[in-house]
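Undergrad: Chain residues, written in single-letter form:
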Amino acid sequence: MNDIAFILIVFFLVCASVEPEDGRSQTIPRSEKNEERNNSQTIEVGLTPATVTIDGTPYHQEQFESRIQQLLSEKKTESERVVVVKSQADVPYEHWIAMTELIEKAGGVVTLLLEEQHTMIVE
Amino acid sequence: MILRRKQLEANVPSMAMGDIAFLLLIFIVLLARARDDSHLVWQPATGTELVKPANQNASVVIDKQNITYLNGRLTLSENLATELSALLGDLPPGNRTVLFKVHKDVIAEFFEPAIEAVSEAGGELHHVLDPSPNKPN
Chain A
1 MNDIAFILIV FFLVCASVEP EDGRSQTIPR SEKNEERNNS QTIEVGLTPA
51 TVTIDGTPYH QEQFESRIQQ LLSEKKTESE RVVVVKSQAD VPYEHWIAMT
101 ELIEKAGGVV TLLLEEQHTM IVE
Chain B
1 MILRRKQLEA NVPSMAMGDI AFLLLIFIVL LARARDDSHL VWQPATGTEL
51 VKPANQNASV VIDKQNITYL NGRLTLSENL ATELSALLGD LPPGNRTVLF
101 KVHKDVIAEF FEPAIEAVSE AGGELHHVLD PSPNKPN
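Just so you know, the protein sequences line up as chains A and B, in that order. My numbering puts the first residue of the first sequence at 1, with every later residue one more than the last. My numbering puts the first residue of the second sequence at 1, with every later residue one more than the last.
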């Protein structure tokens, strides 16, 4: 009986420990802060929970895919293919991952533009 | 008169040994579970062309409640870069994989600082995703 219990518990442990690990690797250069960015050639993608923009122009997802491919095909070097992704604070991860996937498939290198947080004390 | 020497028998109580082994196993399992992240509740986002990571050196989980964990332990996002740097140490490139497991509805306010922290610590980000049902994987 002990042996059976032991084998059963090992079986359940092995089953429970198989976790999914498939996914997508991503190399993210250091994020840029607002004031440090001065390269006008960099493509800037803006994300809100429902929309996506390229340099301020909104696109549907299908249009976005072709537009980003077109823009990145004109870039020759890796530094030119850096795409700055600026997300609103309420953008869900699922939307973010879908859009960055399209950028990377088009040959872009995703980098993040984070808003710097400042704490102001009002007296 | 011949006195026979009393035969001593040394038996191992198999039932008691079994119980001890069982308790030890449960103890080790509980310890192991406290170190991994299998007890955390999160649902992966979907993606295509998914690959398995070559190795795994750390895991960062952001669960349904937007709480960040490093290797199953609760951590603050502002400490994540320091803790990851300590964990990854001087490992060579290619051996600095950080599994990034984020619940699909977590918002950028929480996951972007974590991505930044992985990048700052020199980690190689691997987003753990579910295969997309619509597109071929």
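Misleading hints may appear alongside valid ones.
Not close to chain A: a few residues of chain B, all C-beta gaps over 12 angstroms, as computed [as the list claims (entries may be wrong)]: (1) Leu3; (2) Leu8; (3) Met17; (4) Asp90; (5) Lys101; (6) Glu120; (7) His126; (8) His127; (9) Val128; (10) Pro131.
The list that follows gives simulated cross-link-like pairs (lysine-lysine, DSS-like), each with its CA atoms no further than 25 angstroms apart [unchecked claim]: (11) Lys52(B) to Lys104(B); (12) Lys75(A) to Lys105(A); (13) Lys86(A) to Lys6(B); (14) Lys105(A) to Lys6(B); (15) Lys76(A) to Lys86(A); (16) Lys64(B) to Lys105(A).
No lab work stands behind these hints: they were computed from the structure. Remember, predicted model here, so these are calculated numbers, not experimental data. The beta-carbon is built from N, C-alpha and C at its ideal position, and this holds for glycine as well.
Undergrad: Are the hints correct? Go through all of them and say.
TA: How the hints compare with the structure:
{"no.": "1", "hint": "Leu3", "result": "40 angstroms, holds"}
{"no.": "2", "hint": "Leu8", "result": "26 angstroms, holds"}
{"no.": "3", "hint": "Met17", "result": "8 angstroms, violated"}
{"no.": "4", "hint": "Asp90", "result": "19 angstroms, holds"}
{"no.": "5", "hint": "Lys101", "result": "9 angstroms, violated"}
{"no.": "6", "hint": "Glu120", "result": "7 angstroms, violated"}
{"no.": "7", "hint": "His126", "result": "5 angstroms, violated"}
{"no.": "8", "hint": "His127", "result": "5 angstroms, violated"}
{"no.": "9", "hint": "Val128", "result": "4 angstroms, violated"}
{"no.": "10", "hint": "Pro131", "result": "7 angstroms, violated"}
{"no.": "11", "hint": "Lys52(B) to Lys104(B)", "result": "19 angstroms, holds"}
{"no.": "12", "hint": "Lys75(A) to Lys105(A)", "result": "14 angstroms, holds"}
{"no.": "13", "hint": "Lys86(A) to Lys6(B)", "result": "87 angstroms, violated"}
{"no.": "14", "hint": "Lys105(A) to Lys6(B)", "result": "83 angstroms, violated"}
{"no.": "15", "hint": "Lys76(A) to Lys86(A)", "result": "23 angstroms, holds"}
{"no.": "16", "hint": "Lys64(B) to Lys105(A)", "result": "28 angstroms, violated"}
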